[in-house]
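Here the protein sequences line up with chains A and B, keeping their order.
If you use our numbering, the first sequence corresponds to residues 246 to 394, in order.
If you use our numbering, the second sequence corresponds to residues 26 to 533, in order.
Calculated directly from the structure, the hints in this document are not laboratory data.
A portion of the hints provided could be inaccurate.
[Unchecked claim] Example chain B residues on the side facing chain A (calculated, C-beta under 8 Å, incomplete): (1) I431; (2) M447; (3) G452; (4) D494; (5) T496; (6) Y516; (7) L518.
From a predicted model like this one, the values you see are computed outputs, not experimental measurements.
Every residue gets a Cβ at the ideal spot worked out from N, C-alpha and C, and that includes glycine.
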Amino acid sequence: MLVKRPPLFLYVTLAVSVGYFISAVGLGAPVSESGLTPSFFPILVGGAAIVFSSILILQKIRTEPKEPGASGPRNFTHLWVVLAIFIYIIAFKPAGYFISSGIFVFVLVVLFSSFEKLLQKAVISVAIVVIAYVMFQQLFGVRLPTLWG
Amino acid sequence: MDFILLVISSSTLLLDPLNLTYVVMGFVIGTIFAAIPGLTATLAMALLLPVTYTLSVETALMASASIYMAGMCGGSITAVTINIPGAPSSMMTALDGYPMQQKGKGALALGHAALGSMFGGALGALLLIAVAPFVAEVSLLVKTTGKFSLLAFAIVVVVIAQRGRIPQAGLAACIGLMLATIGLDAMEPITRFTYGYSNLTAGIDLMPVIIGTFAIAEVLIQASSTNDIAAATAAAEKVRIRRRDFLPPLSEIRKIGFVCYLKSSLIGYFVGTLPGAGGSMGSFLAYTEAVRTSSEPETFGKGNPKGIAASESANNAVCGGAMVPMLTFGIPGDPITAIMLGVLVINGIQPGPQLMSDQAGLIAPMLATLLFSAVVLIPLTLYLIGPYFIRIVSVRKDVLYAVITILAVVGSYVSTYSTFQMFMALGMGVLAFHLRRNGFPVITMLLGYILGPNLEEFLRRSLALSNGDPTTFLTNPDSLFFVLLTLVFIYFLVIKKPGKKLAAVPPN
Numbered sequence: 246m247l248v249k250r251p252p253l254f255l256y257v258t259l260a261v262s263v264g265y266f267i268s269a270v271g272l273g274a275p276v277s278e279s280g281l282t283p284s285f286f287p288i289l290v291g292g293a294a295i296v297f298s299s300i301l302i303l304q305k306i307r308t309e310p311k312e313p314g315a316s317g318p319r320n321f322t323h324l325w326v327v328l329a330i331f332i333y334i335i336a337f338k339p340a341g342y343f344i345s346s347g348i349f350v351f352v353l354v355v356l357f358s359s360f361e362k363l364l365q366k367a368v369i370s371v372a373i374v375v376i377a378y379v380m381f382q383q384l385f386g387v388r389l390p391t392l393w394g
Numbered sequence: 026m027d028f029i030l031l032v033i034s035s036s037t038l039l040l041d042p043l044n045l046t047y048v049v050m051g052f053v054i055g056t057i058f059a060a061i062p063g064l065t066a067t068l069a070m071a072l073l074l075p076v077t078y079t080l081s082v083e084t085a086l087m088a089s090a091s092i093y094m095a096g097m098c099g100g101s102i103t104a105v106t107i108n109i110p111g112a113p114s115s116m117m118t119a120l121d122g123y124p125m126q127q128k129g130k131g132a133l134a135l136g137h138a139a140l141g142s143m144f145g146g147a148l149g150a151l152l153l154i155a156v157a158p159f160v161a162e163v164s165l166l167v168k169t170t171g172k173f174s175l176l177a178f179a180i181v182v183v184v185i186a187q188r189g190r191i192p193q194a195g196l197a198a199c200i201g202l203m204l205a206t207i208g209l210d211a212m213e214p215i216t217r218f219t220y221g222y223s224n225l226t227a228g229i230d231l232m233p234v235i236i237g238t239f240a241i242a243e244v245l246i247q248a249s250s251t252n253d254i255a256a257a258t259a260a261a262e263k264v265r266i267r268r269r270d271f272l273p274p275l276s277e278i279r280k281i282g283f284v285c286y287l288k289s290s291l292i293g294y295f296v297g298t299l300p301g302a303g304g305s306m307g308s309f310l311a312y313t314e315a316v317r318t319s320s321e322p323e324t325f326g327k328g329n330p331k332g333i334a335a336s337e338s339a340n341n342a343v344c345g346g347a348m349v350p351m352l353t354f355g356i357p358g359d360p361i362t363a364i365m366l367g368v369l370v371i372n373g374i375q376p377g378p379q380l381m382s383d384q385a386g387l388i389a390p391m392l393a394t395l396l397f398s399a400v401v402l403i404p405l406t407l408y409l410i411g412p413y414f415i416r417i418v419s420v421r422k423d424v425l426y427a428v429i430t431i432l433a434v435v436g437s438y439v440s441t442y443s444t445f446q447m448f449m450a451l452g453m454g455v456l457a458f459h460l461r462r463n464g465f466p467v468i469t470m471l472l473g474y475i476l477g478p479n480l481e482e483f484l485r486r487s488l489a490l491s492n493g494d495p496t497t498f499l500t501n502p503d504s505l506f507f508v509l510l511t512l513v514f515i516y517f518l519v520i521k522k523p524g525k526k527l528a529a530v531p532p533n
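Please build the complete structure, drawing on both the sequences and the hints.
This is the structure we're talking about:
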């Protein structure tokens, strides 16, 4: 018999809820002589989150499993996008706005299309970065980091 | 009456070139974002948020109002022309709009959609202007215990309104409440859940939460999507629309009838005042009412302009309704009003009962803009750039998502000039992406995050005032009212479940 495996996300939310609840309990007693303490509300919320996570996991286990392959083709571009954003943020201040943003936008354009017409995409990326710079720095007075100065 | 005069006098702010530019730009951008399937006016609002740091509060709120109005009617463009609603609120418009398009009357369907949007948007704005001051006065009567019960009511209603996925909504609300508890405690000098990380002492900033939830998560959703958008683009390229075909003949407007416009707008307005209901629910109820009261119900779904008029009048009237709880109680009804609330908070303005009495001058221009957008910008935009609207769908998606991503990530840097906020936005984006992919409504998370601090504070204050007696929530009349209201909603939405048709309405 096939048993439906709940998504990993539900286990993660359950683990986070349990961790949050334990941290909330660690804040001290929920009620003192002066009334409710800072731990009362988080204990309540953490407890509710554990209940909801458990219900969802049980629901998923009890539902009928889908036929294998019914979910269609999978796409992992979003993982590359997350990685690109992460590296961009790390490089943002040390490399400055122009270099980091230029490479970042080019990578995104390629990720959302294909590995073709790279020169055209590079030109588009530069244009986007310059327009965004004008918008933020010149129009809205936001100081963006530069490599020098 | 004073407030109405204030709104009228604040209309002069629209004559200021800078304000007018932002209002018109906001409307056009809102329309474009609502028209492109996969993008939403909420995303446009999220991208606007960092910009509000450099604008005056009035200008930022005016631009927000025009985006909101545009977002509700923009979705009808692709709903009518290629049968893909650009926004969930235009789902019902597609039912009659697309059959009209197939009969070669696409422009006329868009004209009816614009007329309905104009009527509903204007009536919603007028009702808001007339009603909000009274609601604000009444809201001043609500004391601490009542405020807790009201906030609890809002969260409970948003959760139970998520038909068929209440546990997901409940967990999402809990996640929002958890995020809200991070940082300094509101009543005692104790930090919670910071784990020694000083950047978290002040709590999680609203800006990265909104940008992450609506902009970065949307980009990740699109990146992971396997949908073939080329088909939509190809379909859009075949559509030809002429400007002269937009104007609906008077005979058809008479056939639809003033009562249909009025009733649909009122339905939309009242649905808008309920937290979490939104434009899709408003247009659905108005559409079903139009079918129910029609002498020829069999013509609906086959190109009846009355269906378009009902749907579009209602979803635009939602704008006015949703602002009532946001302005008077600080409770956002949908993601866009949540971001508007963010605009107020970022500018140091505390939304709530005092807002309408103490800072009505800041709010009045926004309401004037809402009316201006409905009466002037909807028909003008349609007539001037209507024939080119459908070309919007053909825009290069790689360039579009790259632009959105850089605006979102750099935008989250603006508030504190710290890369920490950028990481927070990314973290929130990843969280919201997984929530959405697993069927969790992110609006409940956002509402939990926004209302969490006040919910906790009012709970603790109420119990402190009553020496820890929880019956205080039942013995105070204002609190009892909201407790009973919560029970009524639980009865109608959970115990006595709504009909199958209502359950089929997709959430916003």
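Verification of the hints:
The interface hint given for I431/B is met, as the beta carbon of that residue sits about 6 Å from the closest beta carbon of chain A, less than 8 Å. Interface restraint check: M447/B against chain A, minimum CB-CB distance 4 Å, threshold 8 Å, status holds. Against a cut-off of 8 Å between C-beta atoms, the interface hint on G452/B is violated, since the closest Cβ of chain A lies about 10 Å away. With its C-beta approaching chain A no nearer than about 11 Å, D494/B sits outside the 8 Å limit, and its interface hint is violated.
Taken as an interface hint, T496/B does not check out: its beta carbon lies about 15 Å from the nearest beta carbon of chain A, beyond 8 Å. Here the hint on Y516/B is broken, as its CB sits about 21 Å from the closest CB of chain A, past 8 Å. Contact between L518/B and chain A, as hinted, is not supported at the beta carbon level, the nearest pair being about 18 Å apart and thus beyond 8 Å.
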